[in-house]
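Trainee: Single-letter residue listing:
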Amino acid sequence: DGGITQSPKYLFRKEGQNVTLSCEQNLNHDAMYWYRQDPGQGLRLIYYSQIVNDFQKGDIAEGYSVSREKKESFPLTVTSAQKNPTAFYLCASSIRETANTGELFFGEGSRLTVL
Amino acid sequence: AQSVAQPEDQVNVAEGNPLTVKCTYSVSGNPYLFWYVQYPNRGLQFLLKYITGDNLVKGSYGFEAEFNKSQTSFHLKKPSALVSDSALYFCAVRDFRRSYNTDKLIFGTGTRLQVFP
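Top line first, the protein sequences correspond to chains E and D.
Counting in the working numbering, the final residue of the first sequence is number 907, and the numbers go up one at a time with none missing.
Counting in the working numbering, the final residue of the second sequence is number 408, and the numbers go up one at a time with none missing.
Any given hint could turn out to be false.
[Unchecked claim] Calculated Cβ distances over 12 Å to all of chain D for the following chain E residues:
#1 Gln809
#2 Asn820
#3 Glu861
#4 Ala873
[Stated by the list, open to error] EDC-like, lysine to aspartate or glutamate: derived pairs with alpha carbons at most 20 Å apart:
#5 Lys313(D) <-> Asp376(D)
#6 Lys340(D) <-> Glu357(D)
#7 Lys313(D) <-> Asp345(D)
#8 Lys360(D) <-> Asp386(D)
#9 Lys875(E) <-> Asp830(E)
#10 Lys849(E) <-> Asp386(D)
#11 Lys349(D) <-> Glu895(E)
#12 Lys862(E) <-> Asp830(E)
#13 Lys849(E) <-> Asp394(D)
#14 Lys340(D) <-> Asp846(E)
#15 Lys862(E) <-> Asp846(E)
#16 Lys340(D) <-> Glu306(D)
#17 Lys863(E) <-> Asp394(D)
#18 Lys801(E) <-> Glu895(E)
#19 Lys340(D) <-> Glu355(D)
Note that these hints are calculated values from the structure, not bench results.
This one's a predicted model, so the numbers in the text were calculated from it and none came from an experiment.
Glycine included, each C-beta is placed from N, C-alpha and C at the ideal position.
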């Protein structure tokens, strides 16, 4: 079945360590997104990519990095520079341009806890 | 800038009663509006969207939403609530600006719906 796969579902990290969250999609979607979810704050956009080898900062990009070397994959690295990394991270994708009404398809999320 | 607001952190309703979850928006141009639902520790699931056309939009699981341009609102509704509808609901608006190569969804803060038996 087509969909978006995020891994791992749960991740624990010590302070000062970088960690990479995986996001893979087989929907043949051009655009991919990373959101962070915190209680009471809704979803905030970290980074997004509308095409391979290109990405743009969202509202809270500091302390995060991404790459988009393949259409299917959009990994997110949470670096040690991110001051409050404990959160629920959601990856999403969408069709681009003329077929796109903006609707996003989401993965099941990855919960990162910094110890 | 495009934005949405969900004025209620939580909505409580008895099973079988109608429910409304409120959303207001602020956009330049014609709005593309969405509702999503999230169950605990899960991703977001698409419920419905308004792009153009009829102001009453029907979606998944018996939900519908009414687009009101004069009140800049897009409230989510269901005629008869179920306990299984209890979840976190998000309103979103598309921010599409071709000249800035921008295309993303901006989400509200979410409203927790609790349906009591």
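Trainee: Sort out whether Asp830(E) lies within 20 Å of Lys875(E), counting only the CA atoms.
Mentor: This hinted pair holds, its Cα atoms lying about 14 Å apart.
Trainee: Compare the distance between the alpha carbons of Lys862(E) and Asp846(E) with 20 Å, and conclude whether the hinted pair is satisfied.
Mentor: 11 Å, holds
Trainee: Can the restraint linking Lys360(D) and Asp386(D) be considered satisfied, given a maximum Cα separation of 20 Å?
Mentor: Roughly 17 Å between the alpha carbons, so the hint for Lys360(D) and Asp386(D) holds.
Trainee: CA of Lys340(D) to CA of Asp846(E), is that 20 Å or under?
Mentor: Measuring from Cα to Cα gives roughly 28 Å; hence the hint is violated.
Trainee: Going straight from one Cα to the other, do Lys801(E) and Glu895(E) come out at no more than 20 Å?
Mentor: 23 Å, violated
Trainee: Within 20 Å, alpha carbon to alpha carbon, are Lys849(E) and Asp394(D)?
Mentor: Holds - the C-alpha atoms of Asp394(D) and Lys849(E) are around 12 Å apart, at most 20 Å.
Trainee: Minimum C-beta separation from Asn820(E) to chain D exceeding 12 Å: can you confirm that?
Mentor: At about 17 Å from chain D, Asn820(E) clears the 12 Å cut-off, so the statement holds.
Trainee: Is Lys862(E) close enough to Asp830(E), meaning Cα to Cα at most 20 Å?
Mentor: Outside the cut-off at roughly 29 Å; violated.
Trainee: Assess, step by step, whether the Cα of Lys849(E) is no farther than 20 Å from the Cα of Asp386(D), and give holds or violated.
Mentor: 14 Å, holds
Trainee: Regarding the pair Lys340(D) and Glu355(D), is the alpha-carbon distance no greater than 20 Å?
Mentor: 9 Å, holds
Trainee: Assess, step by step, whether the Cα of Lys313(D) is no farther than 20 Å from the Cα of Asp345(D), and give holds or violated.
Mentor: 19 Å, holds
Trainee: For Glu861(E), is the shortest CB-to-CB distance to chain D above 12 Å, so the non-interface label stands?
Mentor: Given a closest Cβ separation of 20 Å, the condition holds.
In summary, the structure is inconsistent with hints 12, 14, 16, 18 from the numbered list given earlier, while agreeing with the others.
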